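Model the full structure from these sequences, guided by the hints.
Residue numbers (this note's numbering), protein chains in the order written: chain P, 522 to 710; chain D, 126 to 329; chain A, -17 to 280.
Watch out, some of these pointers could steer you wrong.
27 angstroms max Cα-Cα, derived DSS-like pairs, lysine-lysine [what the hints assert, rightly or not]:
{"id": "1", "chain 1": "A", "residue 1": "K(-9)", "chain 2": "P", "residue 2": "K614"}
{"id": "2", "chain 1": "P", "residue 1": "K565", "chain 2": "P", "residue 2": "K635"}
{"id": "3", "chain 1": "P", "residue 1": "K692", "chain 2": "P", "residue 2": "K614"}
{"id": "4", "chain 1": "A", "residue 1": "K277", "chain 2": "D", "residue 2": "K221"}
{"id": "5", "chain 1": "P", "residue 1": "K567", "chain 2": "A", "residue 2": "K180"}
{"id": "6", "chain 1": "P", "residue 1": "K596", "chain 2": "A", "residue 2": "K151"}
{"id": "7", "chain 1": "A", "residue 1": "K178", "chain 2": "P", "residue 2": "K565"}
{"id": "8", "chain 1": "A", "residue 1": "K277", "chain 2": "D", "residue 2": "K230"}
{"id": "9", "chain 1": "D", "residue 1": "K231", "chain 2": "A", "residue 2": "K63"}
With the C-beta cut set under 10 angstroms, the calculated list includes, among others, these residues of chain P facing chain A [said to hold, decoys possible]:
{"id": "10", "residue": "A570"}
{"id": "11", "residue": "T571"}
{"id": "12", "residue": "V572"}
{"id": "13", "residue": "E573"}
{"id": "14", "residue": "P576"}
{"id": "15", "residue": "E593"}
{"id": "16", "residue": "Y618"}
{"id": "17", "residue": "D625"}
{"id": "18", "residue": "L627"}
{"id": "19", "residue": "T643"}
{"id": "20", "residue": "L644"}
{"id": "21", "residue": "D645"}
{"id": "22", "residue": "D647"}
{"id": "23", "residue": "Y648"}
{"id": "24", "residue": "A663"}
{"id": "25", "residue": "D667"}
Honestly, the hints are just simulated from the structure, not real lab data. Please read these numbers as outputs of a predicted model, since none were measured by experiment. Glycine included, each C-beta is placed from N, C-alpha and C at the ideal position.
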Amino acid sequence: MLGSTIRSFASRTTGASRSFFSTSAVRKTEKLWENPWKYAIPEKTKTLATVEEIPVDWSYVERLMPIEVVPEVPKHESYPTPSGWTPPSGAGKTHPYYVRRRPDHLLPLYLERKRDLLNEKTLDFDYVELVTVRSVDGDVFACEQDLRTYLQEQLGHPVATHVDELKGRIKVKGAPRSLIEQFFYSKGF
Amino acid sequence: MLRNWRVLARSFATTASEEATPKVDISFLRPRHRIIAAGGIPPVQFDSERERAARRERFGRYGLASGVPVEELFPTAEEIEEEQAIGLFREFNDVKKEYNELQKKKKEAEVARLAELEKNLKKYPAALAKYEASLVKQEREKDDKELALEKRIREIQEYFGYWMDPKDPRFEVMLQQKEAEEKKAAKMAKRDEIQKKRYAENVQ
Amino acid sequence: MSQALRSAKERAFQIVEKASRIRVQDARDNIGARTTGRQLKKGHNQMGHTQGALERAAKPPLGWIWGDFFRPWQRMYPGEKLFNADINSRREYIPLSLIELARLIDLGWINPSRPIDVSALCATQKFQINPKIRQYGFDLTEEGADSFPYQIDIEVQYATQSAIAAVEKAGGRVRTAYYDVESLEAAVNPKAWFEKGKVIPKRKAPPASLIEYYMDAKNRGYLSEETEMEKERQLSADVRGYVLPDVKVSSALKSIDQVFHGIPSGSVVSLADKKVFAPKNELHREYYNRQVSDKLYS
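Structural data, given as structure tokens:
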């Protein structure tokens, strides 16, 4: 930052901004060879703004901050809510299996897209959408049975499922995630 | 094995008040990191921290207590002037004006086109009739001039057995040939007639 | 709990509970956990390049698909004027359906009594908008339009006609607003922006290619006239056959150059001191007052 001076806006003058002498400190007249850069490069001034504090409602700033903690679900008059969400009820405890909710109050249903289906005509692989139900405790096979019968009844076509008992997971092919969600909400999980 | 950990461990203090009761710290953190870990503001030590962006970030993190004046965060007057001199961004009012003018021109063009179409629509029946008339005329035109030509072509065809383009130079030649032959035939016919008459006279 | 209905996980847990403390010598691999590599008879087991050779070799260029080094995938196929001539200037809008929005409001992530804009949606940390890869904001889609009950004041960057109609039918307000790249960066992550000590940018007006969209009242563009907007609202209601509710949204709209509600542009927010600073000299005030348009291919 050789040869540049920082000024506040009040002391700025239009004509003298390119002078070789700074206003901030008194310097002895230097010889050319002592500081060649000072004479080679024109002096750059930096005129800063004058700043004041402005009154602002701090709640406007706080609402911009990212939400770090899962918010509490507001009280609704009736369930299911407009988007179809239902809180877990005691009815879930009567079944031989239990599907635990996620920390953000949602069901553990995850979508997966695999390029797995061989298209016999084009001999290329098409995408298959699978839904994974993850945190199933207890008799996973009974859960899968109930789920499969419900889905087949609702959809009218067979639905493929796969059970991973050790992990407590069920993979479903051929059913939309919203329908599976509906099933679990109806059971009270 | 840390046999002399008591010697190696240092006592640190984040603020002056804590120097009275020095705690033994075995974390081996450097003074700067000890301050940061305790939530304090580290002093400016490195050249990179004296850069503009670093100073801005320092203010952003620690606020007024960072020692960076708020004025430095805003662009300098020179920078603003430079930006305006470069003129990378246009005034919104200009763009808006241009857009409105463009829309107006489009609308005018549309209106003009519709008017033109209206006008042409009015002329349409007359134009259609004219065209249909022109089609009919084409059929009669043939009778006037080209009938004779067609007759000639037909004669040639009949006489020679193949079609000849009237513009072809051979056409005239063939025509003359044909006429010559016809004349000859006529002559021969006449001669025959005269002979017949003479014979008839002689017999009688 | 009867014996037969316990899952394998729970049975395994029971076994572990009753078992003695595990020692190092008790830990061993399950059957089939490790396999030794196949020994090739040919070439001293050196068939194929070694890892070192692969690491030191020149790497094929991006898009090389087992062919000529000079014909990678991106050079194999010519561009088509109508297909991908404008691939580098296309803009992406992240879809946000009404049912997603309803779910967020149901679970308390978004407060319907406050105005919803890009910042409010990104504060939920459920959406990733990256202005650096030409993502320009949210696109309000109509899935869930049949039963959207909330009265909201939402500001997105693109909205389909059905979505607009659904929100207005419920008594809400929709606006489409343009955020240029710098403003979007600030709006998407305000915390990071303030912590870097950056000045809140002045939102630029849309470029010539987009100005038509945002000046059209049909799209509820923020640059269109209020009277036109009212006409279009009524027209939507008439065409789709619903009645416009009398309830009107009371909260104020953002001004054209504002990025955040309640905080003027051209100011610096200090989170540590809970203070907001703005310049007061003429040049800077004028600089932050004049409205500019964004570049054409920004």
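Which of the listed hints are not met by the structure? 2, 19, 20, 21, 22, 23, 25
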